[in-house]
Amino acid sequence: MTLGDLQNLVALKLGEQSLFYPPEEITRSGLNPAQRLLCLTYPRILQQRATITVDPDLPIIDLRQVTGTDGVILGSRIRSVRRVVMGNVLTDAPVHNAVTDELFELRGTSVAALSKRANDWMSQRGLIRHYWKWGTYWIGLYKRPITATTITVIYDGVPAQLVFDGDEPQVQDVYHRVIAEIATGLLLVKEGNPQGERGLQRIAAVLALQQQGVAA
Amino acid sequence: MTLLLEQVDRIRDILQDTDTSATNISKIVTAHQESLQYLARKDQFPQIQWVNAIALQGRYVLPDPVVTISHVLYNERVLRYASETMLDRKYHGWEDLPGEPKYWTTDNQSPNTIRIIPTPKRTGSAIPVVPSPLFQNMVDNIVVFHTEDVSSDMADVSDTLPTLFDWDDLLVYKTARMFAERETETQNLPVAQLCGRLETLWER
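Heads up: the protein sequence lines correspond to chains A and B, in order. Just so we're aligned, residue 1 is where the first sequence starts under our numbering, counting upward by one. Just so we're aligned, residue 217 is where the second sequence starts under our numbering, counting upward by one.
Please note that the accuracy of each hint is not assured.
What the hints assert, rightly or not - Calculated lysine-lysine pairs in the BS3-like style (CA-CA distance at most 27 Å, straight line): (1) Lys318(B) <-> Lys133(A); (2) Lys116(A) <-> Lys318(B); (3) Lys116(A) <-> Lys337(B); (4) Lys243(B) <-> Lys258(B); (5) Lys306(B) <-> Lys318(B); (6) Lys116(A) <-> Lys243(B).
Calculated directly from the structure, the hints in this document are not laboratory data.
With the hints as extra help, turn the sequences into a complete structure.
Below, the structure is given as structure tokens:
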């Protein structure tokens with residue numbers, strides 16, 4: 001479904017009160033946060049990959065500056081890093097790491113753990129077996145690569161904003177109506193009770209959150 | 217990353233606020249800064265800062281928004297944290313001791329200031345290794361892993377929030393709740409309560 005279709009669906013669910021719920025509000029306060037909440041609750045719906053070539057002289061990588069497979073800078077669309085693999089595993093024809101000829105899955109570690117391990121961890125160069133994280137966006141390799149090294153980062157993505165009528169959510173079609181239902185619930189909040197309460201119940205129901213006590 | 221204007225519009229959507237005056241927008245922006253600071257206090261905005269080390273200079277002032285300093289590297293080596301008491305026991309006149317830096321401290325400094333001990337003997341190069349907006353040469357220089365408060369750069373509706381989209385959503389509900397709870401004629405406790413519950417959805 002396109003953004004236009006989703007707007008119409010949400011408008012129908014809200015009783016077609018276009019004065020109280022204008023289309024731009026449906027997108028801004030309903031559909032965009034709704035698709036993010038869906039992916040936040042079920043991160044596997046939107047796991048994505050990006051390749052990065054790590055320069056030995058620039059060992060600290062800001063993931064916000066990395067270009068995604070769609071050719072767009074990732075910016076704030078990375079929620080969390082799931083895996084980091086040596087080489088390029090974007091497609092069905094993986095490209096092994098040129099130096100070690102391997103597709104090795106790196107183990108995650110932290111700056112604190114590396115600092116305890118060795119005072120000179122940042123300057124150590126050699127066989128890469130770990131990646132470290134600092135917050136959501138900063139990562140690096142341990143040890144530092146000797147030559148330019150390609151890695152693939154597999155991450156939980158945040159869906160791109162829906163802006164134009166023809167835009168489609170990044171998640172599969174099967175979830176589009178779920179987005180519309182969540183959006184309806186979010187939009188009803190401004191009405192207070194009882195409509196807002198019913199809105200939250202709709203969100204909890206569609207996300208199957210009752211067992212976690214969110215609807216209570 | 218979204219424009220602060222979009223966040224303000226979403227807050228106004230929830231509050232059914234039709235007042236577009238500059239005073240009202242400014243109030244919302246100020247409240248939104250408060251919400252951002254809530255996340256900043258929880259160290260949710262990690263940052264890495266490169267600092268040019270200067271020979272015989274021990275004290276370095278980082279940008280104002282620094283909240284918590286966690287790790288400091290000098291010349292690509294870890295500096296250990298030391299309190300003033302520890303340094304007093306270890307060295308006489310440590311404030312004026314040149315050598316290869318081994319420790320850092322924030323004791324008796326403003327929150328965004330570090331002192332490295334001993335003071336470096338060399339000035340690090342400030343010439344970038346390769347053109348990059350992010351990083352410069354770490355040899356003989358300082359790298360600080362810290363968290364920051366991004367709210368100080370969010371004063372105008374044309375500013376872009378550098379935060380994860382999920383945080384943007386959380387912040388909208390937090391600020392909307394803040395307004396709906398206020399002891400004013402527009403107080404709306406049911407909406408405040410609903411926004412509070414939406415916050416929990418994003419915070420889980």
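Against the structure, the hints:
no., hint, in the structure
1, Lys318(B) <-> Lys133(A), "24 Å, holds"
2, Lys116(A) <-> Lys318(B), "14 Å, holds"
3, Lys116(A) <-> Lys337(B), "26 Å, holds"
4, Lys243(B) <-> Lys258(B), "24 Å, holds"
5, Lys306(B) <-> Lys318(B), "12 Å, holds"
6, Lys116(A) <-> Lys243(B), "46 Å, violated"
When each numbered hint is compared with the structure, a violation occurs for hint 6 only.
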